[in-house]
Amino acid sequence: MDEELNRIIREAKRGSKDAFAILVHRFKDHVYRYAYGMVGDRMEAEDIAQEAFLKCFAALPRLENEFSFASWLNRIVSNLCADRLKKRGKERLQTASSEALGDIEFSRAREQQRVQNLKSTIEEAMRQLSSDHRQIILLHDVQGFRYEEIARMLEIPVGTVKSRLNSARLALRLVMRRGEEEG
Amino acid sequence: MKEHPLEWMSAYIDEELDPAERQQMETHLSQCESCCGLMAELMEMKNEIATHYDRIEAPAGMENRIMQALERQPATAGSVSIPLIGLSALAALFFFYGSIWVNLFSVAFKFLITAAYAASRVASSIPALWVTLLAIAIGITLLSGFSLRRILRSTTQ
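Line by line, the protein sequences are chains A and B.
Sequential numbering of the first sequence, starting at 3, is according to this note's numbering.
Sequential numbering of the second sequence, starting at 3, is according to this note's numbering.
Since the hints were made in silico from the structure, they are not lab data.
You may find that some hints are simply not true.
[Unchecked claim] Under the rule of at most 16 Å between Cα atoms (straight-line distance), these lysine to aspartate or glutamate pairs were calculated in the EDC-like manner: (1) A/164 / B/20; (2) A/164 / B/59; (3) A/30 / B/59; (4) B/48 / B/20; (5) A/30 / B/65; (6) A/89 / A/31; (7) A/15 / A/68; (8) A/57 / B/73; (9) A/164 / B/23; (10) A/19 / B/65; (11) B/48 / B/16; (12) A/19 / B/73; (13) A/15 / A/66.
Construct all of the structure, not just a fragment, from the sequences and the given hints.
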């Protein structure tokens with residue numbers, strides 16, 4: 003992280019909205035990409051990204067170290083995504099009894115799957131993973147955090163990061179293979 | 003070493019194995035075709051994921067919408083009102099229970115004086131205790147100074 007960025011973060015910490023605008027510009031794709039990867043919906047991802055930046059601005063004076071800004075911001079987004087997924091899980095449970103609706107959704111999903119290309123195969127496969135597995139793949143392969151940073155962010159031992167990422171990749175490989183065989 | 007070290011695959015790809023584990027992994031890979039195949043597959047998958055998600059960008063206008071939402075937020079309402087509420091609560095407490103507080107403080111003060119007197123008597127009768135106490139006091143003062151400096155540095159930056 004360069005010195006220029008640290009200076010901007012320090013200014014934003016003091017409440018400068020101009021400095022914060024630069025941070026939003028610089029990190030918007032980073033935040034949006036993670037949120038989209040986790041929830042798989044563009045509108046919802048934008049909602050989460052917006053909320054994350056607002057929370058970030060409010061909590062910025064409490065940030066102790068500018069060097070950890072990226073992982074700190076990612077932690078905010080990660081928590082928001084977890085809340086959304088939990089809420090979605092509850093809603094899904096409430097509507098699960100409606101069998102007819104499920105049938106419609108299923109046929110729609112099949113139709114969508116038919117027109118999918120390679121790109122959406124990855125997304126579809128990611129969607130089938132558990133949120134823990136999706137999260138660790140996004141954090142490492144997409145956001146580019148090292149094992150130690152992920153361990154700090156998720157408050158788990160590095161060994162757990164190692165084994166979780168490994169099993170996430172093996173699970174993803176299995177899902178993608180199944181998808182290829184079906185397609 | 004186990005027959006197929008599947009649990010090390012990812013860490014090997016990501017260069018997160020320690021040198022000894024890496025060495026063992028390389029030895030195994032040089033002899034095992036199936037692990038080599040799996041390794042290549044995982045590496046390809048990792049690259050596909052990175053390339054795919056790298057293309058995803060925030061929608062046009064999101065940046066503006068975030069800044070507009072920030073402008074609409076009430077400026078530091080919470081940070082001003084919370085200390086104000088605290089101060090008024092403290093003032094009310096003194097107003098209603100002032101005499102009790104004064105009594106409490108005078109008792110505590112007297113107790114402190116007595117404790118200090120007793121401590122000095124004990125310490126003067128045992129000289130070794132003086133030295134130990136002095137060393138502890140200096141240690142604590144130095145430690146507090148360092149931590150205060152660290153706190154001030156991290157909050158003012």
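Verification of the hints:
no.: 1; hint: A/164 / B/20; in the structure: 12 Å, holds
no.: 2; hint: A/164 / B/59; in the structure: 28 Å, violated
no.: 3; hint: A/30 / B/59; in the structure: 8 Å, holds
no.: 4; hint: B/48 / B/20; in the structure: 21 Å, violated
no.: 5; hint: A/30 / B/65; in the structure: 7 Å, holds
no.: 6; hint: A/89 / A/31; in the structure: 24 Å, violated
no.: 7; hint: A/15 / A/68; in the structure: 9 Å, holds
no.: 8; hint: A/57 / B/73; in the structure: 13 Å, holds
no.: 9; hint: A/164 / B/23; in the structure: 13 Å, holds
no.: 10; hint: A/19 / B/65; in the structure: 13 Å, holds
no.: 11; hint: B/48 / B/16; in the structure: 10 Å, holds
no.: 12; hint: A/19 / B/73; in the structure: 9 Å, holds
no.: 13; hint: A/15 / A/66; in the structure: 10 Å, holds
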